[in-house]
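Based on the provided sequences and hints, a complete structural model is requested.
Protein chains: 2
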Amino acid sequence: MERVAIIGASMTQFGQREAWIRDLIAEAGKACLEDAGVDSSAVEHLYVSNMSSGEFEGQGGIMNMLAHDLGVLPAYSQRVDQTSSSGGAGIYAAWQSIASGASEMTLLVGGEKMTHKTTGEATDIIASITHPDEYKHGVTLPSFAGMTARHYLERFDAPRESLGKVAVKNHKNGVDNPHAQFRKEVDLETVLESPIVADPLRLYDFCPITDGSAALMFCPESVAREYTDDYAVVSGVAGATDTHVVHERPDPTVMNGVVESGKGAYEMSGHGPEDVDVAELHDMFTILEFLQMEGLGFAGHGEAWKRVEAGDTERTGPLPINTSGGLKSKGHPLGASGVAQGVEIYEQVVGEAGPRQVDADVGLCCNVGGFGNCVITTIMEAGQ
Amino acid sequence: MERVAIIGASMTQFGQREAWIRDLIAEAGKACLEDAGVDSSAVEHLYVSNMSSGEFEGQGGIMNMLAHDLGVLPAYSQRVDQTSSSGGAGIYAAWQSIASGASEMTLLVGGEKMTHKTTGEATDIIASITHPDEYKHGVTLPSFAGMTARHYLERFDAPRESLGKVAVKNHKNGVDNPHAQFRKEVDLETVLESPIVADPLRLYDFCPITDGSAALMFCPESVAREYTDDYAVVSGVAGATDTHVVHERPDPTVMNGVVESGKGAYEMSGHGPEDVDVAELHDMFTILEFLQMEGLGFAGHGEAWKRVEAGDTERTGPLPINTSGGLKSKGHPLGASGVAQGVEIYEQVVGEAGPRQVDADVGLCCNVGGFGNCVITTIMEAGQ
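Going down the list, the sequences are from chains A and B.
Each residue of the first sequence is one higher than the last, beginning at 1 in full-length UniProt numbering.
Each residue of the second sequence is one higher than the last, beginning at 1 in full-length UniProt numbering.
Treat the hints as calculated values from the structure; they're not laboratory data.
It should be emphasised that the depicted structure is a prediction, and the values quoted were computed from it without experimental measurement.
There could be a bad hint or two in this list.
[Claimed, not checked] Below are the DSS-like pairs computed for lysine-lysine, each with C-alpha atoms no more than 25 Å apart in a straight line:
| id | chain 1 | residue 1 | chain 2 | residue 2 |
| --- | --- | --- | --- | --- |
| 1 | B | LYS117 | A | LYS136 |
| 2 | A | LYS117 | A | LYS136 |
| 3 | A | LYS117 | B | LYS136 |
| 4 | B | LYS172 | B | LYS184 |
| 5 | A | LYS172 | A | LYS306 |
| 6 | A | LYS165 | A | LYS184 |
Below, the structure written as structure tokens:
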């Protein structure tokens, strides 16, 4: 079977935007058509990754609206929802559309418009994806993160500072990302003294609420070669679901969705964790970066914090993680985030990451929905 | 490439149900596993077709919840939204998952819970998928249908009775569907004298608001043969999008999404309209059955009403349409409807439609989102 290629990428400015979801996805979609050099009439399938435009804006049908706005009619258009991993699920859907032969040119656009809601309102919308039996007791995603972090730090005798260093690193990386919501460094002291949100986690352990959109263009490798010499191939992609009731998991420090989706993506690509040169992990909360490093085999169980302390995941280290700034500094517009991870890895493997560029033949991104309820892992490498 | 087979189907009772979306999709999902004789551990991908569980119930993440409830973990799970054609889009997604090799056993469950809302509230949620520039002027889907029906009847000199006969036929068919919301015949006089909703359309020209769920099990044909001799194959499936702004269409009686998706499905299957023995069309409004008959080539432009008047689309006619009772009498739980159309065509081509059975080698279903904004056409036939 022919490999699936990516020939273009784009993302809007992430942050507080004076624009509705319709405007954001149109902005990223148009930019991606331009970046790929693809005429709108060539697009056969259009996927829109979005979690909650109905709840955030009372607006449905945004994929049909985008198909209209981009002039790609009569292309097939569909919305992909997998909560906060909708973007990763969009990558998987786009891959399937090409690999199955259903489409020869698929545009994926992820987006979310959130900042017009209060933090409380947004948290409630996000919490609606958790299990009602847990949510009715007041357990939101940040509180899961707080409980998991406390357990992790105590069980593995990890210093609180190691979590803080994830935030410091990702903020530092974000300075070089022109589309990031926060382009400012923070020092460890600031992180550790910021207000408590879900003890032991503090404000700087959490990603912000964000508006934004990102896009990728997919086609078969033979078609990619007609457009460019610099394309990426999706050599591995897989998804997995974990228990919807978080407290039913045997070990709170193991996200089985990460483990299983990683296993699937590695197997498909023929690569293992040791081959990965750069990774985008879903640092919605700092503790999640540890859990994904371990679930994906970048560190032993309970040992991710040691690699962070050693500086291994810095941009200059052997395994740079979240060179884009991550969700932490780049922002986390739910449906856009997984696509934006893909944009960073695409740019890294084709050598277009500018000041953020690292030496990368193989890149990985891991997009986490809910509190690990559903996870997609994607592996890309440069085509030729 | 190996063909994609369907080896099991189920649907819940449609109607007013004392059950939430979570319960409905679990009920259909379990029944489909049983009908297919597939163990939950064999399921690799799970798709949930649903338009608006967030807006109707404030509940997100229903695909992860269902994966948990059915015990199919760590199967990949994702929600498919294409507004009222989410079910058809789910068939397309499931087809792609098998055809791409991503999955060897895919369960598709469509569902919606609506009746706990007032008709006004439900109409507002549904209207959120239309273009805001039209909706702000008060144009809802029923009003589009009314305007289109008036134009059609006047332009093609069609009798008002011909539309009424669609409702009479579909109610008659629904009597033999144990899962239908309304299992009662209505006579033409009742239809024509029912209260006006959007002139010239009256109450009986509209489908009801419904709770319900339906499911289908997909796998490669070689795997199907391990389970059963009686399976269907999806020989054609395609989707298309039309203008989101309805008034921009050159001819209000032509739904280009129907035309284009039909063209794609026919081309892929090697069949033409003349080969179709039975069809499920999206009769959300009676006028839509005419527009789909014409768009799919079952009648010339402006001439569908003549075939209805001639009785051609009755269960005993040469082209039975909506043998299930259609959306009109079976009900229209948005995300479930396209899947339920597939359930009927599957049962017809494998010979399991009981009292509704017609002589059918090739069946077609057409699922319409919005007012033709997005359309999926699927063609099935008996395997081997």
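Results for each hint:
no., hint, verdict
1, LYS117(B) - LYS136(A), "22 Å, holds"
2, LYS117(A) - LYS136(A), "21 Å, holds"
3, LYS117(A) - LYS136(B), "22 Å, holds"
4, LYS172(B) - LYS184(B), "7 Å, holds"
5, LYS172(A) - LYS306(A), "19 Å, holds"
6, LYS165(A) - LYS184(A), "15 Å, holds"
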